[in-house]
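Here are the chains, one letter per residue:
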Amino acid sequence: MHIIESGNVAAATGVKLARAQVIAAYPITPQTPLTEKLSEFVESGELKAEYIPVESEHSAMAVCIAASSAGTRAFTATSANGLLYMAEQLHWAVGARLPIVMCVANRGIGAPWTVWNDQQDSMSQRDVGWIQIYANDHQQIIDSVIKAFRLAQTVSIPVMVCYDGYILSHTYMPFDQPDQTKVDAFLPPFTSKHFLDPENPGNFNTVTLPDVRPDLEGTLAPGYMEIRHNLHEDLRASIETFVEIDRDFEREFGRGGCPLIEKYQCDDADYIAVCIGSLSYHLRDVIDTMRQRDVKVGVMGVQMYRPFPDKAVAEALVGKKCAIVFEKALSYGNQGTLYADIKSALYTHETKPYVHNYILGLGGREIKTQQLLDALTESCTSPEMIEDTPRWIGLKL
Amino acid sequence: MTSRTFCDKISRSKPGPGDGGNTGSWRVLRPVINLEACIPAKRNKKACFHCWLYCPDSVVSKTIPPVINYAYCKGCGICAEECPADAISMVDEATHTVEEK
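Protein chains in written order, with the working numbering: chain A, 1 to 397; chain B, 1 to 101.
Simulated from the structure, these hints should not be mistaken for lab results. Treat the hints loosely; a few may be bogus.
Claimed, not checked - Here are the simulated DSS-like pairs of lysine-lysine, each with C-alpha atoms no more than 30 angstroms apart in a straight line:
| hint | chain 1 | residue 1 | chain 2 | residue 2 |
| --- | --- | --- | --- | --- |
| 1 | A | K193 | A | K263 |
| 2 | A | K396 | A | K352 |
| 3 | A | K193 | B | K46 |
| 4 | A | K263 | A | K311 |
| 5 | B | K74 | B | K14 |
| 6 | A | K193 | B | K14 |
| 7 | B | K9 | A | K311 |
| 8 | A | K343 | A | K368 |
| 9 | A | K311 | A | K321 |
Predicted model only: the values in this text are computed from it and were never measured.
Just chain A, same shape as in the assembly:
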């Protein structure tokens, strides 16, 4: 069924279709309408879940950790400073290998106070160990939420589904709402590999000593490093697992096919714009204009950012003349985070494209099509002339 709704409602509808059992969230702009919609679903009985109002984001994640430890499907959502407030619990959730799903409506971080969109919030949490998926439109939001639950429970790693605040969270767009029966088939009820079971009591995540040591039964128990190594290896394997899940989704619902990166006009391109989130669809207009001027340029949106699909990225970029990375976040004092990751993915390849970095749209600064056109034109005209340092678009000094 096609409906016209906001990105936040697309996310909430995905959570409802996924039959989340416990929802704990604290409202924060621009995520608020998502949690409001979920509480409506629970109140009306459309979604049979426990909705637990909490006094902070830290508590929201703590409730999700407890609910997920008990073996239920848990969900929360946040933005910006709210995400940072739960940072300590984010590490716990992934270290405990809990299949929680969280939406992040991307927003800039204070200070100075801002409520508008950029991606510094989730980017700053990229090294936590959570899987990060970015949606580019409303259809991708609802689909990604459903896929995220399946991915999380398959690999026992929590998943963030991120989408641009306002640009997606508050705008209305038509999208297909999948049938409940089909979603149920795609996402069956699950039993956690490890959960709190009174019939089989256990200690979870107690003090783990630096070295391995035998447990009470004399079996060698993994130490901190073994457990963390296992998380890393599972994350790397999650790339392929997500591709498989996306394939299943495509078979069932007829959509998908680009779980890791989404390419537009890339095959014959000499130059490729790279970015994360809704900006990659904005850039398609610019690509179309440049194509009319016979510039062979395409755009690649990075859909899965952690684990980083370095092989797919390198495959898409090796042999091109230049990759131009547009970012709404950066690693302050260094460069754009995606830019650094793109360069790292290309490093071992003999023929590398030039890689440029543009920072734009921080704190909701308007991104004008002409600015994108100018930046891309400059990068495509003389790729060798541009320095290996971030250039800021729309900066008024």
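Put chain B on the given structure of chain A with help from the hints.
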């Protein structure tokens, strides 16, 4: 599908004394049971056992009399706090060691 078994290594163990190592060495105060006041010891009945019930490290036995396993007891004092007969006193480990000599 990928053949990998996910989440193969986590921190999970069976509850029981000694799961956290020889935690008895952490102890500063030692719980000592006065058997003349201890309810199960005094009445020779399986009764009370608050110390056994409340011990967070499961190091108190449910026996007559209750016995504390000092190899793992961290000396938290919860048993002394919970004992309805005030039969458990927390004795300074240093004093105790001197007395033993």
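Hints, verified against the model:
1. K193/A - K263/A: 36 angstroms, violated
2. K396/A - K352/A: 33 angstroms, violated
3. K193/A - K46/B: With a Cα-Cα distance of about 39 angstroms, the restraint between K193/A and K46/B is violated, given a limit of 30 angstroms.
4. K263/A - K311/A: At roughly 15 angstroms apart (the allowed maximum being 30 angstroms), K311/A and K263/A satisfy the hint.
5. K74/B - K14/B: Holds - the C-alpha atoms of K14/B and K74/B are around 19 angstroms apart, at most 30 angstroms.
6. K193/A - K14/B: 16 angstroms, holds
7. K9/B - K311/A: 26 angstroms, holds
8. K343/A - K368/A: 26 angstroms, holds
9. K311/A - K321/A: 18 angstroms, holds
Going through the hint list in order, the structure does not satisfy hints 1, 2 and 3.
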